Amino acid sequence: DARVTQTPRDKVTEMGQEVTMRCQPILGHNTVFWYRQTMMQGLELLAYFRNRAPLDDSGMPKDRFSAEMPDATLATLKIQPSEPRDSAVYFCASGFGQGISSYNEQFFGPGTRLTVL
Amino acid sequence: AQTVTQSQPEMSVQEAETVTLSCTYDTSESDYYLFWYKQPPSRQMILVIRQEAYKQQNATENRFSVNFQKAAKSFSLKISDSQLGDAAMYFCAYRRGSGTYKYIFGTGTRLKVLA
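Chains A and B supply the protein sequences, listed in that same order.
For the first sequence, the numbering used here gives the first residue as 29, with consecutive numbering after it.
For the second sequence, the numbering used here gives the first residue as 3, with consecutive numbering after it.
By construction, these hints were calculated from the structure, which means they are not laboratory data.
Note that the structure is a prediction, hence the values are computed from the model and not measured.
By construction, the Cβ of each residue, glycine as well, lies at the ideal position given by its N, Cα and C atoms.
Just to be clear, a hint being listed does not mean it is correct.
The calculated lysine to aspartate or glutamate pairs, modelled on EDC-like cross-linking and capped at a C-alpha distance of 20 Å, are [claimed, not checked]: (1) B:K114 to B:D88; (2) B:K104 to A:E96; (3) B:K104 to A:E111; (4) B:K75 to B:D28; (5) B:K114 to B:E12; (6) B:K72 to B:D28; (7) B:K104 to B:E31; (8) B:K114 to B:E17; (9) B:K75 to B:E17; (10) A:K106 to A:D85; (11) B:K72 to B:D88; (12) B:K57 to B:D33; (13) B:K104 to A:E72; (14) B:K104 to A:D85; (15) B:K104 to A:E133; (16) B:K57 to A:E133; (17) B:K57 to B:E31; (18) A:K106 to A:E72.
Beyond 10 Å from chain A on every Cβ pair, some chain B residues (computed) [claimed, not checked]: (19) Q16; (20) D28; (21) I48.
Rough simulated footprint, nothing fancy, chain B against chain A, three-plus residues with beta-carbon under 8 Å [to be verified]: (22) 94-101; (23) 116-123.
Using the sequences provided together with the hints, build the complete structure.
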């Protein structure tokens, strides 16, 4: 049963601390997305990768957020330093795109609920 | 810029009844995809149904069907024979047909199913 996994499921941290969220995309998928979900803003796309290369990270605050794909089986989203306004659920999703016009269904992970005190 | 609007923050339906969730979108593109995702309390986002803009036929998946009105830029989701397990947040999403993998999500509709 192929699925996207995310760790940790929940994270509580104090303001100023570094937070790292990890995602394992479905094996064989070549696109990875990071979303942030809050009550106020809904689902916002932070960044997405294709074949491990960042295609668009315009939704991500560059001063404190960074996203990487060290290899095809791991995507990371880091926040340093974290702030209370970063509290949200962070979702990773993966898909397989054969071309920029392909359907590319996104399969979501269970999310990481981040609380910054 | 493309936008997706879900004007119903919350809906209720009696078990076994039918409910329709509304979604409108704005785009100047002619080629695009539309989706409905379900998010139950477990937080997992699950794809319910998708529609390619070039297809005139409305998509159906078991008890779920859409009413796709391209000219009106409307994409509503109909759930027939509602079940308790259908209770969730439902998100409408849009994706351009080419040039990007980016999805744009609406703000969601919370569906309550009453026993």
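(request) Starting from the hint list further up, note which numbers the structure goes against and sort them upward. (result) Violated hints: 3, 9, 11, 21 and 22; rest satisfied.
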